[in-house]
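**Student:** All chains should be built: construct the whole structure from the sequences, respecting the hints.
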Amino acid sequence: MKKIKVSLYYPASEVTKPITYHLIKDFDLQINILHADISLNKEGKLVIDIIGDDGNIEAGLKYIEDQGIKYKLFTKSLIWQENECVHCGACTAVCPSGALGMDRQSWNLTFDKEKCMVCELCVKACPLNVMCVSI
Amino acid sequence: MGYKSFDEINEKIKSGKAVVATADEIIDIVAEKGVKQAAKEVDVVTTATFGPMCSSGVFINFGHSDPPIRMAKVWLNDVPAYAGIAAVDAYIGATEVSEAAGGTYGGAHVIEDLIAGKDIKLYAESYGTDCYPRKDITTYINKSNVNQAFMFNPRNAYQNYSAATNTSDKTLYTYLGTLLPNCGNVSYSTSGQLSPLLNDPNYRTIGIGTRVFIGGAQGYVAWEGTQHNPGQKRGENGVPMGGAGTLALIGDIKQMDTRFVRAAIYEKYGISLFVGIGIPIPVLDEEMLIQTAVKDKDIFTNIYDYSVPSRSRPALRTVSYEELRSGFVELNGRKVPTAPMSSLKKAREIAELLKQQIRNGEFLVSQPVASLPSENQPNSLDVRGTENEKD
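Order-wise, the sequence lines are chains S and E.
Take the first sequence: its letters are residues 72 to 206, numbered as in this note's numbering.
Take the second sequence: its letters are residues 4 to 394, numbered as in this note's numbering.
Just so you know, these hints were derived from the structure itself, not from any lab.
Given the structure is predicted, the values throughout are model-derived calculations rather than measurements.
All C-beta atoms, glycine included, are put in the ideal place defined by N, C-alpha and C.
Incorrect hints may have been included.
Here are the simulated DSBU-like pairs of lysine-lysine, each with C-alpha atoms no more than 30 Å apart in a straight line [to be verified]:
(1) E:K76 with E:K138
(2) E:K121 with S:K143
(3) E:K7 with S:K195
(4) E:K7 with E:K393
Not the full set, but computed from the structure, chain E residues with beta-carbon under 10 Å of chain S [claimed, not checked]:
(5) P55
(6) S58
(7) F277
(8) A350
Over 12 Å on every C-beta distance to chain E, these chain S residues come out as not near it, computed from the model [stated by the list, open to error]:
(9) K74
(10) S78
(11) Y80
(12) A83
(13) Q138
(14) K141
(15) Y142
(16) R175
(17) K195
**Tutor:** See the structure below:
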């Protein structure tokens, strides 16, 4: 079993296709939607985790491409330089995935790597510049 | 119970017998023991805050070179400092931007680097005088080789502050962080029930001359802060419902620690400085104790719409800090996520450290030599000129 994170870019003409249904049904893949921006007659974006066998993932990605939808694998990851952080919380204001949050007891910043979509909004929002992205 | 004087409390501190609690802890102590008993037992309550405070800066005296120079213009690591005072005095303000590095480095970074003990490039120019013949100088300074280097912050420790949101369809970049379109978030900046002036709302113990923890050093309240506005609308508990009192603070940066002073950059807004401040409040009597036991649920502020580019922005609703701290506030029937801009974790660290310093007899409370003003009439700036009158 393998897990990948991928962004799907839908042309306006393809947003009606039930892509995730087929990935689950036909390729035996687990799909977790992290972010969805899909509207009728508009270009759309979906960010998903895909879990499954190597072969099934490969076939699933080929299926996505065959449907006229471009995809991009996540290769970067966010690095939180915790030692330099003052835990102010400014980054949590912009985090769309809920990966960055405040612990309501200790008021420590918390970072859930699994939820992170590497959108990089926090990189600029952090006043101390402690967020960066691995190349 | 009777009244405990500043002197009596200091005698207890000196003999290592003072009972000290943070402004968080005092809430539970009062709940458990009641006001009477708690006021009898507890001598000092420590308060603190760690937030971005733009109105901060450092006065430096560089000492005289040979031949000497009457510095007319000064740059520190390419950041302009104000030199319109005596020959080798200058003031580096936190928000000043580097002429070489632009918005990525500024006065706040110079201050943090000075406190860290780093060398700072000093470049100064002069027109030369009979008594100060040198016309320019390039050298390096640090906190050990300058004479005085003291922080003098005209406005710190705001007593309460607005919360911010954005009803427009564009992202806004502000000193309260990034505000997402269509009320996508609400930001706020306070340590709430731990905040110094929210625990002494009528400035009974905090006044001119009060000894404070500032950036790791022992400093003092020098004056009322700029925009000090004690006349702000107050709740039944006397706590202001928006920005009210402020403090002008002074402290020796040679005694400071970068754990408590950090440079900050706000995207598309500018540079600011996180300053860690702690103020001990002597429990003079029951009334003082009740005020230090204030809770987030009894402290209110207003959420303002920062998309209105005007001095008087519309307030969308009044909200308690308990609700803001819960992670969501209700706005127009929707649950909107909230985000803090000042670090409660660091504020707690400072309140705890100050508590230990007082317990160890290292930090005494001080009676103000004069009170902060308790009333005022805030002025605004009317535009009376026509455009481009500079020339």
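**Student:** Does the no-contact call for A83 of chain S survive, Cβ to all of chain E over 12 Å?
**Tutor:** Check passes; 21 Å lies beyond 12 Å.
**Student:** Given the proposed pairing of K121 of chain E with K143 of chain S, does the C-alpha separation stay at or below 30 Å?
**Tutor:** violated (44 Å)
**Student:** Confirm or reject the statement that Y80 of chain S sits farther than 12 Å, beta carbon to beta carbon, from all of chain E.
**Tutor:** With a cut-off of 12 Å, Y80 of chain S remains clear of chain E, as the shortest Cβ separation is near 22 Å.
**Student:** Please verify that hint: F277 of chain E, Cβ, nearest Cβ of chain S, below 10 Å or not.
**Tutor:** holds (6 Å)
**Student:** Holds or violated: is there a CB of chain S closer than 10 Å to the CB of S58 of chain E?
**Tutor:** Cβ of S58 of chain E sits 16 Å from chain S, so the hint is violated.
**Student:** Can the restraint linking K76 of chain E and K138 of chain E be considered satisfied, given a maximum Cα separation of 30 Å?
**Tutor:** holds (11 Å)
**Student:** K74 of chain S clear of chain E by more than 12 Å, beta carbon to beta carbon?
**Tutor:** About 27 Å separates K74 of chain S from the closest Cβ of chain E, which puts it past 12 Å; holds.
**Student:** Is the shortest C-beta separation between P55 of chain E and chain S less than 10 Å?
**Tutor:** This hint holds: P55 of chain E lies near chain S, its Cβ roughly 7 Å from the closest one there, short of 10 Å.
**Student:** For S78 of chain S, is the shortest CB-to-CB distance to chain E above 12 Å, so the non-interface label stands?
**Tutor:** holds (20 Å)
**Student:** So if I understand the rule, the pair passes when the alpha-carbon distance is 30 Å or less; does K7 of chain E with K195 of chain S pass?
**Tutor:** Violated, at about 50 Å.
**Student:** Return the status of the interface hint for A350 of chain E: holds when the least beta-carbon distance to chain S is below 10 Å, violated otherwise.
**Tutor:** holds (9 Å)
**Student:** Over 12 Å from every CB of chain E: does Q138 of chain S meet that, or does the non-interface label fail?
**Tutor:** holds (31 Å)
Going through the hint list in order, the structure does not satisfy hints 2, 3, 4, 6, 16 and 17.
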